[in-house]
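Single-letter residue listing:
2 protein chains.
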Amino acid sequence: MSGAKLTYTQAGVDYSKIDPLKILAQQMARQTAPHAAAAGFPEVEASRGESAYVVDAGDFYLASITECLGTKALVADRVRALTGRTHYDSIAQDTLAMAINDLITVGARPVSVHAYWAVGGSDWFADDARMNDLAAGWKKTCDYAGVAWGGGETPSLSGVVAPDAIDLAASCVGVIRPKSRLCLGRRLAPGDAVVLLQSSGIHANGITLARKLADRLPEGYAARLPDGRAWGEALLDPTIIYSRVTETLFEEGLDLHYISNITGHGWRKIMRHPAELTYRITRLPPVPPVLRFMQERADLSLAEAYGSLNMGAGFALFLPEDQAGRAVAVARRHGIAACLAGRVETGPRRVLIEPLGVAYDAESLRLRG
Amino acid sequence: MSGAKLTYTQAGVDYSKIDPLKILAQQMARQTAPHAAAAGFPEVEASRGESAYVVDAGDFYLASITECLGTKALVADRVRALTGRTHYDSIAQDTLAMAINDLITVGARPVSVHAYWAVGGSDWFADDARMNDLAAGWKKTCDYAGVAWGGGETPSLSGVVAPDAIDLAASCVGVIRPKSRLCLGRRLAPGDAVVLLQSSGIHANGITLARKLADRLPEGYAARLPDGRAWGEALLDPTIIYSRVTETLFEEGLDLHYISNITGHGWRKIMRHPAELTYRITRLPPVPPVLRFMQERADLSLAEAYGSLNMGAGFALFLPEDQAGRAVAVARRHGIAACLAGRVETGPRRVLIEPLGVAYDAESLRLRG
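Heads up: the sequence lines are chains A and B, in that order. Going by the numbering used here, the residue at position 363 of the first sequence is 372; the numbering climbs one at a time, nothing skipped. Going by the numbering used here, the residue at position 6 of the second sequence is 15; the numbering climbs one at a time, nothing skipped.
Since the hints were made in silico from the structure, they are not lab data. Possibly wrong hints are sitting among the right ones.
Because identical chains share one entry, a pair is satisfied inside a single copy or across any pair of copies.
[Unchecked claim] The calculated lysine-lysine pairs, modelled on DSS-like cross-linking and capped at a C-alpha distance of 25 angstroms, are:
1) Lys221 with Lys149
2) Lys149 with Lys188
3) Lys188 with Lys148
4) Lys149 with Lys31
5) Lys188 with Lys31
6) Lys221 with Lys148
7) Lys31 with Lys148
Chain A on its own, in the form it takes in the complex (with noise of 0.2 angstroms):
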């Protein structure tokens, strides 16, 4: 193993080029805002640019959103030559955490969601395993976080997915109600904590990276962890699903200000709300070592390690700061770790990581047009 570094533009994924498609979209998307209204459900400004769309319908908001899971399935097609598994339950949980861990930012209650899963040709769905697998583990998460599965498709597009590959998304309908619940940052102020959840390992974001490192390992996905696990098969234990704890939140008259799913952009996230504020943090929670190991062996930055990675923190609640114990004690009632890991203070918009010495300024989380 080199110790050449591993960007990310490297590793195929170029904010770049991505970003200005997604402002551009962004612009021509709020031009259609006066259809929702007309058919009488009018769409509320704010939450654009946020994790989930939201309109008004009446006695309650309705939230919806629709989420890729990105390459991670590639990772569980390589490691399930090591461990005779397929993983495609996990994968499942994982497709179905993006959607929903944005969902509930918003304050919704996740109700239905659609499975999207397009396959490179019909051979796919042919190996019984891993298709019974993926569908007893959607069948599983469903449940979990108490979502109908509404429907779904399932096209073969040979030529658009690459031979047996699996292209899986998800899109999610959910309810605000009481319309109280509703949470996109309008009362995120200066004083206010930010309570970090723990993550499992990576969750879905950081893949391509990962790829990228495990073909420069000698030892690839099989390379051994600390703790004597394989990298390959600790990277595929799947994404928490945060809405258990949200929902017991809101149930209990927590008074939550903002919410961030950390995500891709990894601590960035933290300041996902366009306010002016200034996020110090002061406690790290425990990186897992799936994390750590990749952090060491593509030799990155702890400033592009936290900037990309979740590094151990999957999920961000910003509430009064009397308030930060009790958020706490509801996620480890969940079986979640979380810690009050700092607070919103005036200041320009940007993340402070004072343990290490780190600082994202506004201009590294472009979201918005």
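With the hints as your guide, set chain B onto chain A.
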């Protein structure tokens, strides 16, 4: 050009492998129904297996769906070299049509859509003309259908999506209000008229067959149709969006008993509803030159052509016979030709196309588990 036949299995779409998965997924999905009720939105069970999933929101029903384009964008990529146009404005319309034309079959008015544009590498978005046409076509189609573009996902998925390809899909949420608009075929009955609405061409089904045919033809997509147009260009005529027709039909109080979007499986979709009923077709709409050409050049029998392509009929309405004339008039008012093509009769579930001597029995359309 050899006279050898092209079949769907040769063209890479083997329904015998896809359908068992669909059935497995449907069976598991069905078991998650109680979650929607627990969230306060009990599902309308009869919508399972229909084109959109419907839940009861109290004062209205809510419908949702996710649909993909298929492989039509690959045709646009090839034909661009002939015409000098990207055709992605049309491709955007095709993608949205797949979702909207399915959603409206249950009686829904579309409210919002999410875009799913997954590429094989960030470079896809560096082609400004293509990217701008896609975004502009998406916006224009949303305006035509009166639907708000709520957001979307634009992932770069190297290794999952083929290099320089794009996997396009759309998810859509709609409202059924008043609730009497709910259209799931409960009142479909012998004596009902079958009204067929014209297609603009191939729409977005049968594309894999078209691509295989293009590889076999000496001139490929540049082959000329009798009307002088290039076959490849005609393939890219965008799918008709039927939502304005259905909106007017419901507003004017027509009593729609069932609606079927004619997509994969061609005219077999006329017997989409599971009831034991016979559909006797006595009048045929004109066949678009682009489809007649394919039937002839791929040496498809009439049964194969009408069983896999739309052959001029993109959408089917089932309603009392004395309202058929009004339905035809409404479609024409929106610039869409239509005809009273046949009627529903007692008898085994099958489609009889009398003028062609073609029949499809129930076994040829197994969509439900």
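Right, here's what the structure says about each hint:
For a Cα distance limit of 25 angstroms, the shortest separation of Lys221 from Lys149 qualifies neither inside one copy, at 31 angstroms, nor across copies, at 39 angstroms. For the identical chains of this complex, Lys149 and Lys188 are neighbours neither inside a copy (29 angstroms) nor across copies (32 angstroms), given an alpha-carbon limit of 25 angstroms. Taking CA atoms no more than 25 angstroms apart as the test, Lys188 paired with Lys148 passes in neither setting, with 29 angstroms inside one copy and 30 angstroms between copies. In the homo-oligomer, the alpha carbons of Lys149 and Lys31 lie at most 25 angstroms apart only across protomers (17 angstroms), although the nearest pairing inside one protomer, at 33 angstroms, exceeds that limit.
Taking the closest pair of Cα atoms, Lys188 and Lys31 never come within 25 angstroms of each other, the shortest separation being 29 angstroms inside a single copy and 37 angstroms across copies. With identical chains, the CA atoms of Lys221 and Lys148 are never at most 25 angstroms apart, being 31 angstroms at best within one copy and 37 angstroms at best between copies. For a Cα distance limit of 25 angstroms, the shortest separation of Lys31 from Lys148 across copies, 14 angstroms, qualifies, whereas the shortest one inside one copy, 32 angstroms, does not.
Violated hints, listed in ascending order, are 1, 2, 3, 5 and 6; each of the other numbered hints is respected by the structure.
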